[in-house]
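*Asks:* So you can see what is in the structure, the chains are spelled out below.
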Amino acid sequence: MSKACVMDENSEVVFQRKMADGVFLMGIESPGIAATAIPGQFVMIRVRDGLDPLLRRPFSICGIREPGVVLVLYMLVGEGTQILSRILPGERISVLGPLGRGFKPDEKDSRALLVSGGIGIAPLIFLARRLRSGEALFMAGFRSSRQVIQVRSACLVCPEIYIVTEDGSEGERGLVTDILAERLKGAASERGRSSIYACGPVPMLKKVASLSKEFGVPCQVSMEAHMACGLGACQGCAVPGKRALADAYLHVCKDGPVFPAGNIRWESL
Amino acid sequence: MSKACVMDENSEVVFQRKMADGVFLMGIESPGIAATAIPGQFVMIRVRDGLDPLLRRPFSICGIREPGVVLVLYMLVGEGTQILSRILPGERISVLGPLGRGFKPDEKDSRALLVSGGIGIAPLIFLARRLRSGEALFMAGFRSSRQVIQVRSACLVCPEIYIVTEDGSEGERGLVTDILAERLKGAASERGRSSIYACGPVPMLKKVASLSKEFGVPCQVSMEAHMACGLGACQGCAVPGKRALADAYLHVCKDGPVFPAGNIRWESL
Amino acid sequence: MTEADLGVEIAGVKLKNPVIAASGTFGYGEEYAGLFDINSLGGLVVKGISLKPRQGNPPPRIVETPCGMLNSIGLANIGLDAFVKEKLPYLSGLSTAVIVNIYGHSIKEYAELAGALKGLSGISLIEVNISCPNVECGGMAFGTDPDMSARVTDAVVSRADLPVIVKLSPNVTDIRAVARAVEKAGASAVSLINTLTGMAVDLGRRSPVLGNVIGGLSGPAIKPVALYMVYQTAKSIGIPVIGMGGIVNYRDALEFIIAGASAVQIGTANFINPRAAVEVIEGIRQYCETNAIARISDLTGSIRA
Amino acid sequence: MTEADLGVEIAGVKLKNPVIAASGTFGYGEEYAGLFDINSLGGLVVKGISLKPRQGNPPPRIVETPCGMLNSIGLANIGLDAFVKEKLPYLSGLSTAVIVNIYGHSIKEYAELAGALKGLSGISLIEVNISCPNVECGGMAFGTDPDMSARVTDAVVSRADLPVIVKLSPNVTDIRAVARAVEKAGASAVSLINTLTGMAVDLGRRSPVLGNVIGGLSGPAIKPVALYMVYQTAKSIGIPVIGMGGIVNYRDALEFIIAGASAVQIGTANFINPRAAVEVIEGIRQYCETNAIARISDLTGSIRA
Ligand SMILES: Cc1cc2nc3c(=O)[nH]c(=O)nc-3n(C[C@H](O)[C@H](O)[C@H](O)COP(=O)(O)OP(=O)(O)OC[C@H]3O[C@@H](n4cnc5c(N)ncnc54)[C@H](O)[C@@H]3O)c2cc1C
Ligand SMILES: Cc1cc2nc3c(=O)[nH]c(=O)nc-3n(C[C@H](O)[C@H](O)[C@H](O)COP(=O)(O)OP(=O)(O)OC[C@H]3O[C@@H](n4cnc5c(N)ncnc54)[C@H](O)[C@@H]3O)c2cc1C
Ligand SMILES: Cc1cc2nc3c(=O)[nH]c(=O)nc-3n(C[C@H](O)[C@H](O)[C@H](O)COP(=O)(O)O)c2cc1C
Ligand SMILES: Cc1cc2nc3c(=O)[nH]c(=O)nc-3n(C[C@H](O)[C@H](O)[C@H](O)COP(=O)(O)O)c2cc1C
Ligand code: FES
Ligand code: FES
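Those protein sequences? They're chains U, D, L and F, same order as listed.
So for the first sequence, the numbering used here puts the first residue at -13; every next one is plus one.
So for the second sequence, the numbering used here puts the first residue at -13; every next one is plus one.
So for the third sequence, the numbering used here puts the first residue at 30; every next one is plus one.
So for the fourth sequence, the numbering used here puts the first residue at 30; every next one is plus one.
Heads up, a few of these hints could be off.
Here are the simulated lysine-lysine pairs, BS3-like style, with alpha carbons at most 25 Å apart [what the hints assert, rightly or not]:
no. : chain 1 : residue 1 : chain 2 : residue 2
1   : L       : K114      : D       : K228
2   : L       : K43       : D       : K240
3   : U       : K228      : U       : K192
4   : D       : K228      : L       : K81
Calculated Cβ distances over 12 Å to all of chain U for the following chain F residues [stated by the list, open to error]:
no. : residue
5   : K147
6   : S247
7   : V277
Away from chain U, derived, C-beta distances all over 12 Å, residues of chain F [unchecked claim]:
no. : residue
8   : N86
9   : G122
10  : R314
11  : A323
Since the hints were derived computationally from the structure, they do not count as laboratory data.
The beta-carbon is built from N, C-alpha and C at its ideal position, and this holds for glycine as well.
Isolated chain U, as found in the complex (with noise of 0.2 Å):
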């Protein structure tokens, strides 16, 4: 187990830009973290100084611009995330990173299926853009129209990408796991050299979860819980694992936030 090295950057925001209906993505000028960080890994963000709100907040790294801007893609949910959208260019904030275990994309892969629900975009985008080889497929979920992130320019290597919205109200109508258990069907034959690729809301993964299993694609999801430290310290971020070990829970800020589908206890959650 070598240790990459974890750092706590005051870094600089360079960037604020909405994205999408209570969506922003920002740059951080964190040239330590940019340097070594891989898709699915996260950093933890100081919204403020002060005692309140105390504890940091986790985001996926949604991508790196060079030189040393680290992208996180962030979506309104409470006080954490509010204050973070009033920060204005050339504030400074605390960025612990990279933390945690990202995706490890099989070279072999014909195909990749990514497939996010919502926010859970952020890390697959950053995905998208450092895959090596083989041809993705993005399978983009949505509420609505208003929250549809526009991926097209971020993923230059991915030939296809589907913008599925729950109304309909744009891209294709229904659910991302449908577009996802179709494309399965239909394309027997890709399925032995494909994986997925996995990050959204728990019923969602669970549904992919599921449809890896029936089809016996490989499938990595990355996984959200409450933390504290990020670190493997504190044991805060447990969700059902299986394990050889008596500890049946899995830490999502160390043993993940990307877990082979396999290994979460789907039942439990």
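Starting from the known structure of chain U, arrange chains D, L and F with the ligands on it as the hints suggest.
*Replies:* Same frame as chain U, but now just chains D, L and F with the ligands:
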């Protein structure tokens, strides 16, 4: 006891201006408060939304600029005033006021002696502007030239202004109470028709109070205490006072902040 | 759609809604009168009243702490006689429930206070403070011992002609034991929590900040402790629980109600936002309407755990 | 000017400075190794170790609260054997004091743990956790009763070959009674406070937020309570007090020391700022130099009250 109307105004900050080292003048659009405030009264400001810092901060009203702008002159002390100083014009803060009992200038004064120490100058600037009759003599003490707040333009009604610094770097050298003592000693004839109005740190006020007693010149002082409500509800802002009742404490927010100097038990401070 | 019924009943007394201003943070009511319509409250608890006027503890009495504050007021109050003469006339003109918080140095004093309030009009309930950390004898000394708590309760209940709420201290190993004891002794309801005992140190002077050395911690900082004690207590007794501790908005208030409170009190939040209590009422009303809750009392103790 | 002497002695063990990383917030040390030089710490306390590995409580286990957090980890740990095999080799290579925090379900288990640590090199002190609110039996049940606390202490002390610190619970009516009891039973020092029991409610789901319903409150919110308990305890016993609860910077740490602590632990602050402990050490050093304090130990209990 007629009750003046207290208002909680969600007020726009209209300007912030640096006045001396670590001292700022802030203009806040609070028409309701501006309409009825008298010198010596104060406001309670919530420096930001959220839970920390929790309590409002009390500040004397330093003046009113028509139409409807309340002026606050404040010094950086801790987190609350730091946050205040970073508020940009156009942002809003919650301002409760006008609170407390102000100065009651004696209409028969031939001469008002305004004595301030440091940031204690704030309520006296307002008082100087509102004095109706007689002449005023403004004695303002500071530690050093970098702390001096220029009052000349603010106090058109004061023909005489003395700036006193402890290190002599601007104006006269010494303590403001030395100047007051000299004045009281020198001009015996005036005494009968003068009153002292003072605000500043406790040791200074103690000295002023004892001079007022020694020379038989009436004196009103503006006091400070840590506050929670500012409305007379919590009993937090007690200062040792003289009273007919069993209650041996006066409350700064309700009985003051301006008190006849003789009503304070200075020996207990 | 019909309006949600926010009315609750505590010990036979009907409150128009479950939101009450807490003792010591709302003066004698009139202090807040200019800021909103006090009659919109479910009730208000006056500052703790003792037989004789009390000057309270030496200053400083207030210090801010992270998301909270310490106070060491020491039950400064105008005393029973002045309360009845000077404050009650105003209070009895209100159309909200007036709750008188009482505090004694001995069981006898508590009983005397209850007796003295007998027959006075304009008072709906008595709240017995056996939990103030800021006074030498009495106060919390009673509230941390189930037996003593029961004896105080019994003495007050047998003298009073109004239903009695006993206000519990959180500074105990097991608050349920105290709650059960006062229930058995005749309390009609309990309210909790009073402040947690705490302290602040002035680094510059190397001395306590508060004149009284120790004080009571209140505000959002204590909310998790308060919620837990309300939850635990509500499951252990049959009389209503009035919950408080760190409530600043309607969401906080609803959390207490869901955890088991029949009504809530708003304390420190009044200082930050004098309209806190009315905003809580408005927020609860909207929540009930949005979620099709017919009666707020249906939410009490509805937690799924 | 000579450098201030930050060294302190706890139960005969010399610490290079009075700043220790608290149990459960610093893993087994190596998690923070990349972020600063761990050997600059006065000491570190490892996550509570039990005889058998424990999976801990169901998630969610963490919830943020105003200026604080609740955790219901439930003493998830790798168990004694794995600790000795996998973690101790790294720890024993450190030049900072390693303190092993132990937790048992019964007095027997506590004693067994103490016995099992006997003769192992690389450990300086044992800290006995009798105050965890997150486990069903044992844990806080011991820590809230002076007799039981004394019995656990006695059992550990008689089996251990290292000095024993007993970690006290704040969820008691009188922490001094427990402190005195464990002192009498042979504890070489006490540490306090562990977390306050608390709870959070999820309004949307009308259920507790934490999988375990209740959790332990830590962070700045609890600092006033912790300071008070340290102050009170230090005056009541003769053995050293290690203070903690909400310390985030050197000023907080010095307040605890002035109130009576011989050393301090940094817990939740490690999560907000992984360099919190080293910054506290640096701040203390500067404070001592600015104020011409020759030995930090001179400040312990120097409060004027
Ligand atoms: C590994 C990981 C990667 C993530 N990546 C992204 C991302 O790229 N973009 C994005 O928008 N969001 C991401 N999230 C979720 C993000 O952390 C939360 O939306 C954020 O913490 C909410 O903070 P808040 O103060 O606005 O909300 P509040 O609800 O007020 O937060 C209260 C507390 O709950 C925690 N919390 C709330 N929601 C979540 C959640 N979903 N996961 C973990 N903790 C939560 C907060 O951190 C905080 O401690 C990620 C979470 C994890 C664990
Ligand atoms: C009636 C009155 C009028 C005042 N007028 C002015 C004014 O015109 N200009 C000005 O600069 N200051 C004035 N002050 C002092 C001002 O309230 C404090 O400087 C300010 O509250 C400090 O807040 P902080 O968060 O920066 O400091 P911190 O020290 O971090 O504050 C911590 C807590 O202590 C309280 N506090 C700290 N210092 C004081 C103090 N001197 N008086 C009362 N509470 C204090 C704060 O309100 C807060 O609750 C006045 C105080 C009172 C009581
Ligand atoms: C300044 C102040 C004074 C208080 N005085 C009393 C009192 O006289 N009697 C009483 O029973 N409780 C008193 N309390 C306790 C409150 O009523 C309430 O129980 C406590 O503050 C917790 O609620 P909160 O967090 O909403 O403030 C006082 C609290 C404060 C802050
Ligand atoms: C996530 C977490 C886990 C903890 N685990 C333990 C533990 O295993 N053993 C123990 O004695 N204390 C444990 N504690 C308590 C801390 O050591 C400390 O006593 C408490 O958090 C108060 O200090 P703080 O406010 O600085 O965090 C834990 C605290 C936290 C926040
Ligand atoms: S967040 Fe602390 S172990 Fe994962
Ligand atoms: S600040 Fe509350 S009574 Fe004065």
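*Asks:* For each hint, tell me whether it holds in the structure or not.
*Replies:* Cross-check of the supplied hints:
Between K114 (chain L) and K228 (chain D) the CA atoms are separated by roughly 23 Å; this keeps the pair inside 25 Å, and the hint holds. Only pairs whose Cα atoms come within 25 Å are accepted, and K43 (chain L) paired with K240 (chain D) is rejected, the gap being roughly 34 Å. In summary, the hint linking K228 (chain U) to K192 (chain U) is supported, as the alpha carbons are separated by about 15 Å, within the 25 Å threshold. A C-alpha spacing of about 19 Å is found between K228 (chain D) and K81 (chain L), which places the hinted pair at or below 25 Å, so the restraint holds.
Taking the minimum C-beta to C-beta distance to chain U, about 25 Å, the non-interface status of K147 (chain F) holds against the 12 Å cut. In this structure S247 (chain F) is not separated from chain U by more than 12 Å, as the shortest Cβ-Cβ distance comes to only about 10 Å. For V277 (chain F), the non-interface assignment is contradicted: its Cβ lies about 7 Å from the closest Cβ of chain U, within the 12 Å cut-off. A beta-carbon of chain U is positioned within 12 Å of the beta-carbon of N86 (chain F); the least distance is around 8 Å.
For G122 (chain F), the shortest C-beta to C-beta distance to chain U comes to about 15 Å, beyond the 12 Å cut-off, and the non-interface label holds. Every CB of chain U is more than 12 Å from the CB of R314 (chain F) (nearest about 21 Å), matching its label as outside the interface. A cut-off of 12 Å between C-beta atoms confirms that A323 (chain F) is not in contact with chain U; the least separation is 32 Å.
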